[in-house]
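Those protein sequences? They're chains L and U, same order as listed.
172 is the number that the working numbering gives to position 172 of the first sequence; each next residue is one higher, with no gaps.
Every number in the working numbering is 1000 more than the matching position in the second sequence, counting from 1.
Derived by calculation from the structure, the hints in this document are not laboratory data.
Small disclaimer: the values here were computed from a predicted structure and weren't measured.
Note that beta-carbon positions come from the ideal geometry of N, C-alpha and C, so glycine has one too.
Just a few of them, taken from the derived set where beta-carbon distance is under 10 angstroms, the chain U residues facing chain L:
#1 Y1079
#2 A1082
#3 M1119
#4 V1165
#5 A1166
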Amino acid sequence: MRWIATAPLAALLVLLPSFAGDFYINLASQILIAAIFALSLNLLVGYGGMTSLGHASYLGVAAYISALLTSRCGFGHGPAAIVSIGGTTAMAAFFGVIALRATGLGFLMITLALSQVLWGLAYRMSGVTNGDNGIAGLSRPMPFGISLDSAASFYWFALMVALFAYLMMAIFVSSSFGSSLKGVRDQPRRMAALGFNPWMIRWISFIYAGFWGGVSGLLYVYYNKYIHPTSLSVAGSAEALLGVIAGGSGTLGGPVVGAALVLLLKNYASAYIERWNMLLGLVFLFIVLVMPTGIVPGMSRLATALRRGSR
Amino acid sequence: MTPLTSDYALEVVNLKKAFGGLTVTHNVSLAIRPGERRLIIGPNGAGKTTLFNQISGDMRPNAGAIRLFGTDITQFTPYKRAHFGLSRTYQIITLFTGDTLEHNVTLGLLGLRPSRWQMWRSLSYYGDLATEARRTLDAVGLLHLAEHPVSDIAYGEKRRVELAVALAQKPRLLLLDEPLAGLSDTERSQVKSLIASIPRQTTVIMIEHDMDTALDLAETVTLLNYGRVIVDGDRDAVIADQRTREVYLGP
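Extracted from the complex, chain U is given alone in its bound form (with noise of 0.2 angstroms):
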């Protein structure tokens, strides 16, 4: 075992989770810098989204270690570790669908603060959460549809939507499951700016199939396969690896 370090954002120490028989993620072991980009490739059912479920907690790992910021926080529940500065956006879109936008960033501005437990006071009185929600709003180019509910907006914009919930909570460590699916051309350079635009705080870990944007996006990149990471490191390193052709990128 690596000895207690906060030299790393994220430290993932041989993790395992198998689903009866089946192997999900196998002795994955990840050391991500603070600031980094940091880019997961792999076929379907390389177990990308899995790992992230265990990270960010919704699953409990058989075994290894999940380090954030030198914490271990592999017992942690899922809402703790957002307090520890970790949040994530999800492969199938998960907003509040009959809520306006401007409400969905609230719960996302509010999940952090002790005025969450507050049963007396309606959450209209705390304003400063409305005036963030909407500069976050602003940011992500959807403050004209602040008072909108998100059952009314195209999916581009709730791809953006989905974003802005974790970029308002201003996250240590971000983890983005697949923030450009199913966007339009226009749709994928507004959110790669987007992205692009984070600040170095915020430590940014993708999944993401569309290399081509990606790529741009991205420092270091991880091939998973099987449950396995079979490359690690520098982008063009990964990329340029024969066995990186040989698993995903094809010939």
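In isolation and in its complexed conformation, chain L is listed as follows (with noise of 0.2 angstroms):
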């Protein structure tokens, strides 16, 4: 049953490039980088009852820290990836230090201050990063020599990576580990009393978030091929958090259809509506109130309810 849903979407999703148009296709990448944001956000809100405001901050770097080795620094592309993840999760670990201190609204606001020091850094340190004006003139990298500069190449790249992504933090949170995340979130005061360590859970848990973060950066430096502070600002933060809620915070398949809603929202509606942020706040206000877990796990018990009432 499950196989036969999943098919179909797999096609779909392999094919799209075949009959869609350049805008489609790019659409699609967008959200599929977003759909890796997301998922490793919800690492830490659904599973580990971390609500942060602080997530931009690992996309941010790790786009910046590319940017800068490839354009600066005469890095090319793979040595550039790779400082560029080890350098977010480095401090992914470095922040988990500091905003696990707190929990709850403590730990909210210590991410998001976190975030909004890299923000300020990214638009005052203008000799570094060239601030409000961004690096511009970036390129995309060539794996195996296959240039990603085709809209549908670059699809195609996207959804390599972000398959790889969804299939490593679904094994993590269907894992023991992931059993003790969620433990953790639920009693932590039961879990530390039957030999589980909270904190280091946690940690850990931060610090893969942070590495999931980085990879989406990596793409969205790519996909962009220039970046501006913005990318660090809490309104990057928010949205995928929004995305993460509305889509079903917990589940795998939640925070993908948010980051999709949020995203297509902002295409379509800002061509019609400059103040498309009313409208989202609109549709997040809707979905909260008639599913307030999300659409995931909303449209899940519509289903079983209709199964029920079918039979």
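Got two chains here, separate frames each, mind docking them using the hints?
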């Protein structure tokens, strides 16, 4: 049953460039990048109960490191990618030590503050980051000599990375460590009494989420070939958080659906209404009122109810 | 200070805990032998659960020492104490309500195993965990509900799951905080025989108000009042003591 539903979806994803125009292919690439980003945030928000409002830090820093190394320091894309992901992961380890001194609202405020520091630095350190002008004229990598400059080739590249990311995060949450993380989210005190180290479990998950945030940042800068301080802004973090909650936090499909929803709204609505954020807010409000746990859990509950009703 | 010895499963020495000006644990000393069944009684607010919280590490005492089988665990984190063979249950049921009974017990087993850090393998890969969890559920008479989420089962059954999660760890020292609270007569006798069947390798300390049931299980009794140990000793001696009648049992 599950395979019957998955097979056409997989075919659709792989064959998308053969029937869609460049605009839609590019939109799909952006959705894939946003989906990886939302999935990594969901590890914290949904599975760890750690609501972060600073996840853009990892996307932005990975993007900036790659941009600076390739454009200023003469690095090739391969080494730049390794340093970028490694550096972002190390930063997550450091930020985790600071942010995990608190839980709940305190945690949220610390992640927000840390990301605002980075955002401010990106604006003000114009000698390094080129400030508000951003860094333009970047190139895309050529893995195995294959150019990623066409919309279709980049889409396939992003699709492969996204599928790998999805798989890795799916394995992570269903592993025994994933069970430990969910346990610490639900009953931290009991988990400690049972022999689990709650802090260490949260910290490792924080670093893992930072790693995948970095991966999405790398794709982000490859796609745009440009990087600007807004990639580090609180709006980026908030949009992803909105996507995770709207799609269904603590599920694997939720963040993907949520990220797609936010991006589609952004792209379509902004063509008609200037204040597309307002529309996003209204849609979000509607989802939260109708399906408080998010679209994916809401829909599956609806499907179960219908199946039961038809019997 | 008494010298380091493992003659005792648990030694509590001059323990002190105060919240602001309110002293809730007042120079409490206890010595419990391996295999002993100790009942802790006292009126509400006597500091019984606070004492448990300090033994399990949820709270740090202001002064004093706690030794588990001769090792000073006063500065240990709660999870480190668990690896030292300490397990506890809670007065307010503390379970993973969205998860199945089997998963709840599995977490108890996983907590003491290195595989809890495993990130690349599904939890279901460890089939022995599930087998062991089901065996424990069978022992508390809940195997038929193994696949049900905790939120679906009755209160009395939850009390037994609470116990099963702790028992699955095969602890050397087990702290039971009001395991009979809110149970019906039938459930009471079920849990009573369950506690009576705990092997002697496990030392049991129990807080309980239901004297009819608890006294049958206990060998020794400690009476606390206003954070102090009032009477301490063999069950019958403590019950016969004048001070126990004054403070707790009534004339």
